[in-house]
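Chemist: Chains as they are written, first to last, in this note's numbering: chain X, -17 to 97; chain W, 65 to 174.
Be aware that a few hints might be false.
Derived DSSO-like pairs (lysine-lysine); straight-line CA-CA distance at most 27 Å [stated by the list, open to error]:
hint: 1; chain 1: W; residue 1: 173; chain 2: X; residue 2: -9
hint: 2; chain 1: X; residue 1: 4; chain 2: W; residue 2: 161
hint: 3; chain 1: W; residue 1: 67; chain 2: X; residue 2: 22
hint: 4; chain 1: X; residue 1: 34; chain 2: W; residue 2: 161
hint: 5; chain 1: W; residue 1: 161; chain 2: W; residue 2: 133
hint: 6; chain 1: W; residue 1: 116; chain 2: X; residue 2: 23
hint: 7; chain 1: X; residue 1: 34; chain 2: X; residue 2: 18
hint: 8; chain 1: X; residue 1: 22; chain 2: W; residue 2: 116
To give a feel for the contact side, a few chain X residues facing chain W, derived at Cβ under 8 Å [said to hold, decoys possible]:
hint: 9; residue: 25
hint: 10; residue: 87
hint: 11; residue: 91
Honestly, the hints are just simulated from the structure, not real lab data.
Heads up, the beta-carbon is just placed ideally off N, CA and C, and yes, glycines get one too.
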Amino acid sequence: DTAVSQTPKYLVTQMGNDKSIKCEQNLGHDTMYWYKQDSKKFLKIMFSYNNKELIINETVPNRFSPKSPDKAHLNLHINSLELGDSAVYFCASSQEVGGPTYEQYFGPGTRLTVT
Amino acid sequence: DAKTTQPPSMDCAEGRAANLPCNHSTISGNEYVYWYRQIHSQGPQYIIHGLKNNETNEMASLIITEDRKSSTLILPHATLRDTAVYYCIALTSNTGKLIFGQGTTLQVKP
Chain X
-17 DTAVSQTPKY LVTQMGNDKS IKCEQNLGHD TMYWYKQDSK KFLKIMFSYN
33 NKELIINETV PNRFSPKSPD KAHLNLHINS LELGDSAVYF CASSQEVGGP
83 TYEQYFGPGT RLTVT
Chain W
65 DAKTTQPPSM DCAEGRAANL PCNHSTISGN EYVYWYRQIH SQGPQYIIHG
115 LKNNETNEMA SLIITEDRKS STLILPHATL RDTAVYYCIA LTSNTGKLIF
165 GQGTTLQVKP
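This is chain W alone, in the form it adopts within the complex (with noise of 0.2 Å):
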């Protein structure tokens, strides 16, 4: 599984879009790209995966570039309730293994 580098640290004002990049160069055809969130001392939960085309659920948009190099998930109105750490994850589909990073911890400010 490819290798994913977020930023440690990402600040947000409530009501405005957050962000968040997520470098993966080393990723291959058949990896998809994840983002999983953990909110303080709950269990992560999934946001939103994608393999080649962009992507947008109730939650998120994934974009990811044409060459599959990186990719950035976008929360549109971020809210107080977003705060939380964000993990990238580039996933290959045969053995469900998540690695986890030290992901991007976002932090919303009123």
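Looking at chain X on its own, in the form it has when it is part of the complex (with noise of 0.2 Å):
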């Protein structure tokens, strides 16, 4: 059973397109993540979603709206695509916010490349 799974895997795209990216948990958590890897590997957490409702933004450009249709689902939606977008981005859940039972679990990852 695959806890939390992304689709596509794999997006090639050009510059200046609008790309979606989805999301789905089956664990039943209430809490959704959006993460950005860059190619010097380096993780950044972009939003989170509790409950449907957004709780963190990271000054992320607005050609980058996530929307959580229900709580086990958050998709990544992307207007106007550049070349810096090219990145691997991870979905993940938790439980909780926080919290002394807080553990994030993450998805295989959507390669994203900008031609």
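With the hints in hand, could you dock these two chains into one complex?
Modeler: So, in structure tokens, the structure goes:
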């Protein structure tokens, strides 16, 4: 059983296009996240949603818009793609926001290449 | 959230214990120490976390010094599959925001 899944796994597109990455978790968690890992391998949080409500927005360009139709899904839509958006994007989920029993479970990642 | 410092790389012989250190000298009383790892091209994987006491689970042990300024992650019998980047993170429990540093690249060698 896949706990956190992402589609697609690879995405190659041209500058200026609009694309979406989907994330689903079947763990019954209330909180979901998007992370970006750039070419230097630094992993940085972008957004966090708790019960479909945005709780973390880390100075991400407004070309990036997360959408959470329900607690099990958090999709990432990117408008007007730029070369610098090329990266691996990871989705994650957790039962709580912080707390003593708070672990994040990550998806396999989506490698986005903008040409 | 407190800053953590880890050595950039370490080697370990297969079957031996791997001891990965982490300094978090500015950690505050309500910040937990979390360890994650990222095996090549995969999503990060939770390993273990603790506040004050030493912790052990099926993957690893976490030893936290009494002053909480440093900790050590111990993989008791490292295998080749443990080759990964290991991240030590000091987390305040209110936002759930994991801040990943550069981590320690552990190379387990036959």
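Chemist: All the hints need checking, so say for each whether the structure fits it.
Modeler: Status of the hints after comparison with the structure:
1. W:173 <-> X:-9: 30 Å, violated
2. X:4 <-> W:161: 21 Å, holds
3. W:67 <-> X:22: 19 Å, holds
4. X:34 <-> W:161: 17 Å, holds
5. W:161 <-> W:133: 20 Å, holds
6. W:116 <-> X:23: 30 Å, violated
7. X:34 <-> X:18: 20 Å, holds
8. X:22 <-> W:116: 33 Å, violated
9. 25: 4 Å, holds
10. 87: Holds, about 7 Å.
11. 91: Holds, because the Cβ-Cβ distance from residue 91 of chain X to chain W comes to roughly 6 Å (cut-off 8 Å).
Consistency note: the structure conflicts with the earlier hints numbered 1, 6, 8.
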